[in-house]
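**Q** Residue 778 in our numbering sits at position 22 of the sequence shown, and the numbers go up by one each step.
To be clear, the hints were calculated from the coordinates, so they are not data collected in a lab.
Treat the hints with care, as some may be off.
Said to hold, decoys possible - No farther apart than 27 Å at their CA atoms in a straight line, the calculated lysine-lysine pairs in the DSSO-like style are these:
#1 K814 - K762
#2 K792 - K762
#3 K792 - K803
#4 K803 - K814
#5 K814 - K792
Claimed, not checked - For each label pair, taking beta carbons as the anchor points, the in silico distance ranges come out as:
#6 R864 - E784: 26 to 36 Å
#7 I758 - E799: 29 to 39 Å
#8 D848 - D808: 14 to 24 Å
#9 E784 - E812: 28 to 38 Å
#10 D813 - I758: 29 to 39 Å
Built from N, CA and C at the ideal position, the CB exists for glycine as well.
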Amino acid sequence: MIDEYKRRRDVVYNALTQMEGVHVAQPEGAFYLIPKLPIDNTEDFAKWLLTDFSYEDKTVMVAPASGFYATPGLGYDEIRIAYVLNTDLLADAMSLLERAIDQYNSTR
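All chains, full assembly: derive it from the sequences and hints.
**A** So this is what it looks like as structure tokens:
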């Protein structure tokens, strides 16, 4: 099971590191990543993903990271991605996320 989660982590991490403006550290023990996005307010972005974004009848759901910090003001440009899906679905989700970031930023 550990090897499976490493594969999942690597799919997500490798995709994120290829996205323009995205910064992420590779986790060593967690089953999630918290990348910094080129977006000012990821809560608005997360809502937009669910209400206004669709590509090939699909979207992606992310958790704004600000809710995971005890310090007010932190995490507003970060999201939390848990890699609980299989690698194929995670790869698809990362492709959708990259497309969504580009589309979101082009309309702002």
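**Q** Decide, hint by hint, whether the structure agrees.
**A** These are the hints, each one checked on the structure:
no.	hint	verdict
1	K814 - K762	holds, 26 Å
2	K792 - K762	holds, 21 Å
3	K792 - K803	holds, 17 Å
4	K803 - K814	holds, 15 Å
5	K814 - K792	holds, 23 Å
6	R864 - E784: 26 to 36 Å	holds, 34 Å
7	I758 - E799: 29 to 39 Å	holds, 33 Å
8	D848 - D808: 14 to 24 Å	holds, 19 Å
9	E784 - E812: 28 to 38 Å	holds, 34 Å
10	D813 - I758: 29 to 39 Å	holds, 34 Å
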